[in-house]
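Enquirer: Kindly produce the complete structure, drawing on both the sequences and the hints.
2 protein chains.
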Amino acid sequence: MAKELAKARPARRHRGLVVFLTGLSGSGKSTVARGLTDALRESGERTVTLLDGDVVRRELSAGLGYSKADRDLNVRRIGWVAAEIARHRGVAICCPIAPYAAARATAREMALTAGAGFVLVHVATPLEVCEQRDRKGLYARARAGLLTGMTGIDDPYEVPTDADVVLDTTDVSVPEAVEAVLQHLTETGWVELKIPSS
Amino acid sequence: MAKELAKARPARRHRGLVVFLTGLSGSGKSTVARGLTDALRESGERTVTLLDGDVVRRELSAGLGYSKADRDLNVRRIGWVAAEIARHRGVAICCPIAPYAAARATAREMALTAGAGFVLVHVATPLEVCEQRDRKGLYARARAGLLTGMTGIDDPYEVPTDADVVLDTTDVSVPEAVEAVLQHLTETGWVELKIPSS
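Chains as they are written, first to last, in our numbering: chain H, 52 to 249; chain Z, 52 to 249.
Among the hints, erroneous ones may be present.
[Unchecked claim] Partner residues aside, some chain H positions facing chain Z, computed with beta carbon under 8 Å: (1) 100; (2) 110; (3) 113; (4) 124; (5) 139.
[As the list claims (entries may be wrong)] Each pair of labels, with its calculated beta carbon distance range: (6) 163/Z x 187/H: 31 to 41 Å; (7) 156/Z x 166/H: 43 to 53 Å; (8) 209/Z x 224/H: 29 to 39 Å.
[Unchecked claim] Derived coverage of chain Z by chain H (criterion: at least 3 residues anywhere in the stretch with Cβ under 8 Å from a Cβ of chain H; other residues may be distant): (9) 104-114; (10) 132-142.
In short, the hints are calculated from the structure, not lab data.
Note that beta-carbon positions come from the ideal geometry of N, C-alpha and C, so glycine has one too.
Expert: Have a look at this one:
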């Protein structure tokens, strides 16, 4: 029965896929997501939608804040759109902070229900490194008490126990991090990339 | 040049498509949209996402109201998701009231920018008929002054001048209305359906 089911499904590289990057602000999620998007688009093999912070805030979640309820709604909305894209055999790459395990699990479930794959990438760059980078100045403002609800400072981040890939961008370049994800996707059959030898 | 461009593109039935039904509450939009979705799904030729009112309110637009700004945001959000689905060669069928021409034009533009088609269906059932049906009791409440911002009563509906199909469901059965849309899609090459002879 399981065999028949496997037989009836197209190969993974012809099925939809959601790549879901989670991690603290400044961990490198968006940068890796952009690199991954570019690599997959350049390969020409798959159509890709990048649901990064800018797009999501503009097109999907204008008006939502940073309470637990609003964060959960934001992640659910991203996960739902990603799953619909994957239902049509597209690749959706999303990179919300997504601090709560239950909301991430819902996103995974929605993708699987749509007949697609779901790959959870935990960008596990430590808080100290993220805070040192502080590209948006958010950590400084949170430490100064000018900003509340900052994940890692006064708001929780539930570390994933179900990540398919764990990346720490402390000492890893962006292309190396992107390649690590691509390698996982290739090894698990989701993409078939000829990675150029450098 | 135009010829080369046309040549470079896949046939319409292999490209994404947004079918956008607009009309008053009670006009029959959702019913036709559901019938169309079922017919396309049964044909097995295309993958289809139906963005009907329930799904949209639950997954995309929770918290939005009925002001012009919120209606425009709702239609933009639906149009954006529909265009992303169509970017991956899927078919998105949506049926918001969408009373404002500019918001509908934006939805069309987003679909075309994504390389997809856009078919505007105006479900032009007259207000009198919609009000007589009044399936949700909204017209009665609006007439009684218990509900404000009801399209057609105290809120505007800008009649489309750019509809690809115009349907009036007053004297037409649901299967007939669905067939009219399917016929347009078939004639214009967006789908290739063997419509069963009855």
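Enquirer: Quick check: which numbered hints come out false for this structure?
Expert: Result: hints 7 and 8 break, sorted rising.
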